[in-house]
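S.K.: Could you put together the complete structure from these sequences and hints?
Order-wise, the sequence lines are chains A and B.
Numbering of the first sequence is given in numbering that gives the first Met the number 0, commencing with residue 0 and proceeding in unit increments.
Numbering of the second sequence is given in numbering that gives the first Met the number 0, commencing with residue 0 and proceeding in unit increments.
In short, the hints are calculated from the structure, not lab data.
Keep in mind the model is a prediction, meaning the values are calculated, not measured.
The beta-carbon is built from N, C-alpha and C at its ideal position, and this holds for glycine as well.
Any given hint could turn out to be false.
DEER-style ranges, computed between Cβ atoms [claimed, not checked]:
#, chain 1, residue 1, chain 2, residue 2, range
1, A, T405, B, Q155, 56 to 64 Å
2, A, S72, B, F122, 54 to 62 Å
3, A, T250, B, L341, 48 to 56 Å
Here's the letter readout for the chains.
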Amino acid sequence: MGKEIISVHQLSGGYSGEMILKDISFEVRKGELFGILGPNGSGKTTLLKMLSGILPLHTGRILIDGKNLKEYSAKQLARKVAVVSQHTSQFFSYTVKETVSLGRYAHQKGLLQSWSQEDEKVVKTVMRQIGVEAFQNKKLQELSGGERQRVFLAQALAQEPEILFLDEPTNHLDLSYQKELLDSLKRWTFENDLTVVSIFHDLNLAGLYCDRLLLLENGKIKINDVPNEVLKEERIKEVYHTNIQKHPHPTVPAPQMVLLPDGAKQSFPFEINETMLEIHDEFITLKSPIPLRTMSSGVIGSGTGWHRTFVNRHVSKDYNCRNHREEMATYLKGNGFDPTETIGMMTAVNLEDVVYSYVDSDDFSILVVITAGVGNAIDCSKAELHSYEVVPGTINTWIFVNGELTEEAFIQSIMIATEAKTKAMNDLKIRDKITETIATGTSTDSILIAASQKGKQLEYAGSITPLGKLISKAVYDCTTKAIQKSQMRKRG
Amino acid sequence: MQRLSIRKFLTNTYLAYTIAFLFLIISMIFAISIGTVSVPILTIIQIIGSKLFAGLTYDIEPMFTSIVMNIRLPRVILSGLVGAALAIAGAAFQGLLRNPLADPYTLGVSSGASVGAVLTLFFHLSIPFIGSYTLPVLSILFSFLSIFLVLIFARQIDRAMKVETIILTGIILSSFLGAFISLMIALTGDELRQIIGWLLGSVSMRGWEYIKIILPFFIIGSFLLIFQAKELNAMSFGEERAQHLGVDVRKRKFLILLAASILTGAAVAVSGTIGFVGLVIPHLCRILWGPDHKHLLPLSILTGSGFLILADLLSRTIISPTELPIGVITALIGAPVFAAILLQRRGRNKRG
Numbered sequence: 000m001g002k003e004i005i006s007v008h009q010l011s012g013g014y015s016g017e018m019i020l021k022d023i024s025f026e027v028r029k030g031e032l033f034g035i036l037g038p039n040g041s042g043k044t045t046l047l048k049m050l051s052g053i054l055p056l057h058t059g060r061i062l063i064d065g066k067n068l069k070e071y072s073a074k075q076l077a078r079k080v081a082v083v084s085q086h087t088s089q090f091f092s093y094t095v096k097e098t099v100s101l102g103r104y105a106h107q108k109g110l111l112q113s114w115s116q117e118d119e120k121v122v123k124t125v126m127r128q129i130g131v132e133a134f135q136n137k138k139l140q141e142l143s144g145g146e147r148q149r150v151f152l153a154q155a156l157a158q159e160p161e162i163l164f165l166d167e168p169t170n171h172l173d174l175s176y177q178k179e180l181l182d183s184l185k186r187w188t189f190e191n192d193l194t195v196v197s198i199f200h201d202l203n204l205a206g207l208y209c210d211r212l213l214l215l216e217n218g219k220i221k222i223n224d225v226p227n228e229v230l231k232e233e234r235i236k237e238v239y240h241t242n243i244q245k246h247p248h249p250t251v252p253a254p255q256m257v258l259l260p261d262g263a264k265q266s267f268p269f270e271i272n273e274t275m276l277e278i279h280d281e282f283i284t285l286k287s288p289i290p291l292r293t294m295s296s297g298v299i300g301s302g303t304g305w306h307r308t309f310v311n312r313h314v315s316k317d318y319n320c321r322n323h324r325e326e327m328a329t330y331l332k333g334n335g336f337d338p339t340e341t342i343g344m345m346t347a348v349n350l351e352d353v354v355y356s357y358v359d360s361d362d363f364s365i366l367v368v369i370t371a372g373v374g375n376a377i378d379c380s381k382a383e384l385h386s387y388e389v390v391p392g393t394i395n396t397w398i399f400v401n402g403e404l405t406e407e408a409f410i411q412s413i414m415i416a417t418e419a420k421t422k423a424m425n426d427l428k429i430r431d432k433i434t435e436t437i438a439t440g441t442s443t444d445s446i447l448i449a450a451s452q453k454g455k456q457l458e459y460a461g462s463i464t465p466l467g468k469l470i471s472k473a474v475y476d477c478t479t480k481a482i483q484k485s486q487m488r489k490r491g
Numbered sequence: 000m001q002r003l004s005i006r007k008f009l010t011n012t013y014l015a016y017t018i019a020f021l022f023l024i025i026s027m028i029f030a031i032s033i034g035t036v037s038v039p040i041l042t043i044i045q046i047i048g049s050k051l052f053a054g055l056t057y058d059i060e061p062m063f064t065s066i067v068m069n070i071r072l073p074r075v076i077l078s079g080l081v082g083a084a085l086a087i088a089g090a091a092f093q094g095l096l097r098n099p100l101a102d103p104y105t106l107g108v109s110s111g112a113s114v115g116a117v118l119t120l121f122f123h124l125s126i127p128f129i130g131s132y133t134l135p136v137l138s139i140l141f142s143f144l145s146i147f148l149v150l151i152f153a154r155q156i157d158r159a160m161k162v163e164t165i166i167l168t169g170i171i172l173s174s175f176l177g178a179f180i181s182l183m184i185a186l187t188g189d190e191l192r193q194i195i196g197w198l199l200g201s202v203s204m205r206g207w208e209y210i211k212i213i214l215p216f217f218i219i220g221s222f223l224l225i226f227q228a229k230e231l232n233a234m235s236f237g238e239e240r241a242q243h244l245g246v247d248v249r250k251r252k253f254l255i256l257l258a259a260s261i262l263t264g265a266a267v268a269v270s271g272t273i274g275f276v277g278l279v280i281p282h283l284c285r286i287l288w289g290p291d292h293k294h295l296l297p298l299s300i301l302t303g304s305g306f307l308i309l310a311d312l313l314s315r316t317i318i319s320p321t322e323l324p325i326g327v328i329t330a331l332i333g334a335p336v337f338a339a340i341l342l343q344r345r346g347r348n349k350r351g
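M.R.: Dropping the structure here:
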C-alpha cells in the first residue's frame with residue numbers, strides 16, 4: 000500500500016445550518032479500494048460531496064495528495080479526482096461519445112480548448128475498457144440505466160484521475176455488470192494505482208471487494224477497519240437496526256451478511272419421525288414437508304445445505320463406481336426426485352435390514368436410520384495397508400433432529416455418531432480382514448445430520464449434552480442391530 | 000432507414016451551417032423584396048452591392064434605393080439581430096438550466112428588460128455620458144436583476160431547482176412586472192395602442208439608429224456565450240457534474256447569465272418583448288443538429304435571425320396594409336411548440 004492520498008481531519012459540516020457530519024477523521028492510501036457504509040441518512044453522500052469539493056466544510060480540513068482541497072482550482076481537482084454520482088440527469092440527447100469526451104474538459108487548455116490527439120486517444124481507450132464503444136454514436140436517452148451508468152463511468156475515467164469517487168456504483172447494474180464493474184475497479188487499483196472511494200449499500204459486495212471499510216452512523220465514524228472487523232454481526236445489527244447473520248463466503252475469505260426474514264422463525268407443529276420413512280426394495284426415502292438444514296457426505300447433496308428428500312439406494316455389489324455422481328443424479332431424476340433438493344447415498348446392503356429408532360427427550364427428538372454391512376470393514380489406524388478402491392457404502396447413518404442446531408452442534412453430532420458406530424463395531428468384534436485387527440468402520444461409510452431448525456435451540460452435541468446422549472445411544476443401538484441383521488443374512 | 004439517412008445527412012456539421020446560412024440569406028432577400036412596393040431581387044443585390052463597393056454603379060430607381068436602404072434593409076437587419084440575440088440567449092438559458100422550456104420570455108427576463116425599457120422611454124431617462132445607450136443599459140440591468148430574482152426565489156422554494164419551479168417563478172415574475180408596466184403606463188397617461196404595440200414587440204420604423212444600439216451588445220453577448228460552449232455542455236449534465244468535470248461553475252454561470260441578459264436586454268430595448276423565439280429556435284436546432292453547444296449557439300444565431308426576419312415579413316404582409324405586432328406571429332408559432340415540448344417531456348417522465 001502506498002502513502003496517504005486522502006486525509007480528512009476533524010471534518011464537520013452539512014447543508015445550511017444542519018450539521019450532518021461530526022468530527023470525521025480518516026485516511027485513504029494510494030491504490031486502496033475504500034468503502035463507505037452506513038444506513039440511510041448516516042451522511043455517506045454528504046461525506047462524498049465534501050470530499051469531491053461540492054459541499055463546503057464547516058470545520059476541519061481535507062488534504063488531497065498533501066494539498067488542501069480548498070487550494071485546488073476546479074480544473075486541477077478534476078484532473079486528480081473524478082466522481083460518478085448515483086443519478087446524473089440528462090435532458091438533452093447527447094451521444095455517448097460526446098458525453099465521454101466531456102471528461103477531457105479539465106485537460107484542455109486555451110480559450111478555444113481545442114481537441115487534441117491525446118484527448119481522442121484517451122476517450123477511445125476508456126470507451127473500449129468500459130465496453131461502451133459499441134454504442135458510442137447512440138443517444139444517452141436510448142440506453143438502459145445500466146448502460147448509461149457505464150457511460151458516466153467512462154466519462155469519469157476520461158478525466159484520467161488518480162482518485163475515483165463513486166456513489167453506489169452498482170445501483171442500476173445487472174448482477175453480471177456489478178461483478179464486472181467491481182472486478183475492473185479492483186484491477187485498476189492494482190494496475191494503475193487508482194484509489195477508489197465508494198459508497199456501498201450492499202454490505203456483501205463491500206466486504207468482498209474493499210480493502211478497508213468506513214462505517215458511518217448518524218454522521219459519526221462507527222469504525223474504520225478491514226471488512227472482517229467492520230462486518231461483525233452484532234455491530235451491523237446495531238447500526239442497521241435489523242436482523243442479519245454473518246457467514247463466511249464459501250470460496251473467498253470475506254464475510255457475508257444475510258438477512259433473516261421475520262417469518263423464518265415461526266414454528267408450526269411438525270416433527271420428523273419414522274412414519275415419514277418409506278422402505279422399498281430399491282431405496283429407502285424420507286420426505287420432509289419442509290427443507291432441513293443438512294450436513295452430509297452423501298453422493299448427492301454433500302456438504303452443508305438445505306434439503307427435503309433423502310434417499311438411500313440399494314446397488315449391487317459390483318456397481319461400477321466410476322461417474323457415480325452423475326449416474327446417481329440420473330437415477331434420482333428417473334425416480335421422480337429433484338437432485339437439487341435431495342441427499343442421495345448408496346449401499347450394497349439389503350434394504351430390509353434397515354434399523355431405525357425414534358427417541359425423544361423433553362423438548363426435542365431424533366430419528367436415526369442405519370443400514371449396515373461390514374464386508375469391507377477397516378481398521379482406520381492401519382488403513383495404509385488397503386488399496387484405494389471405491390465400493391458402495393456399507394454403513395450409512397442418517398440422523399434427523401427435531402430442533403435447532405448450531406454449526407458447532409452439527410459437527411459434534413458427526414463426531415459423536417462416529418464414535419458410537421466405532422464402539423458398536425468394537426463390541427461386535429468386527430475385524431479388518433487384511434490386518435486381522437478390530438475394525439473402526441468401513442471404507443465408504445456415509446453420514447447425514449439433518450435438523451429442522453425449529454423448536455428447541457441445541458447449541459452443543461458433545462457426549463454428555465442431552466442431544467449427544469440421545470444420538471450416541473440411538474446410533475450405537477441401531478448400528479449394532481443393523482450389523483447383526485446383515486451378519487445373520489450372510490450366514491443364511 | 001430513410002429517416003436515419005436523413006438524420007445523418009442533416010447532422011453533418013458543414014451542411015448544417017450551409018443550410019442555416021442559406022436560410023438566413025433567403026429570408027433576408029424575401030423580406031427586402033416583398034412589401035407594398037415589391038423590389039426585384041436583382042435590384043436588391045445591385046443596391047447593396049453598390050453600397051458595399053463604392054466602385055460599382057448601376058442605374059437604379061431612387062425610390063427602390065430609398066425603400067431598401069432606409070426602410071427595409073434596416074428593418075431586416077434589426078429583426079435579424081433581435082432574433083439572433085433572443086435565440087442564442089434562449090439556447091444558453093436552456094443549457095444552463097437543463098431545461099428545454101427555458102427562454103428569456105418564460106423566465107421573466109424579457110419582462111425585466113421591458114421594465115427597464117419602459118422606465119427609460121416613458122420617463123425620458125438619460126444617464127449622463129452613455130446617452131442613447133441608456134435604453135439598452137437599463138434594459139440589460141433589469142433583465143439581469145430579474146433572472147437573479149427568479150433563480151434566488153426558485154432556490155428558496157425548491158433546493159433542487161426543478162425545471163417547473165423555475166418556469167413557474169419566471170411566469171409569476173413576468174405577471175408581476177407586466178402589471179407594474181401597466182401601472183406605469185396608466186400613470187403617464189400615454190396612448191394605449193402605441194404602448195401595447197410596443198409591448199407585443201415590433202421592429203418597424205426603427206431605422207439604423209436602433210441597429211447601432213443593439214449591435215455592440217449583440218457582439219459582446221454572443222462572443223461571451225460562444226466561449227462558454229464547453230461549459231454549457233458540461234452544465235447540461237447538472238451543476239454538480241460540471242463541477243466534477245472541472246468547470247468553475249460559479250464563475251461560468253455568472254458569465255453565462257450575464258451574457259444572456261445582455262442579449263435579452265438589448266433585444267428588448269430595441270424591439271419590445273418578442274416571445275418564444277428563444278424557445279423554439281434552440282429546440283429546433285437541437286432536434287436537427289444535436290445538443291452540442293459548440294454548434295448549437297452559432298446555428299441558433301443564424302436560424303433565429305432568419306426566423307424573426309420571416310416572422311416580421313409575415314406580420315407586415317398578412318393583413319396588409321395593417322401591421323401586426325411581430326410578437327403575435329412568434330406567439331402563434333411558439334405557444335403550440337411550447338405545449339408540444341411540455342407534452343413530450345411528460346411522456347418521457349412517465350416512461351422513465
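S.K.: If a hint holds in the structure, say so; if it does not, say that too.
M.R.: Verification of the hints:
For A/T405 and B/Q155, the Cβ-Cβ distance of about 59 Å falls inside the hinted range of 56 to 64 Å, so the restraint holds. A beta carbon spacing of about 45 Å between A/S72 and B/F122 contradicts the range 54 to 62 Å that was offered as a hint. One distance hint, 48 to 56 Å for the beta-carbon pair A/T250 and B/L341, holds here, with the actual separation near 54 Å.
When the structure is compared with the earlier hints, a violation turns up for hint 2 alone.
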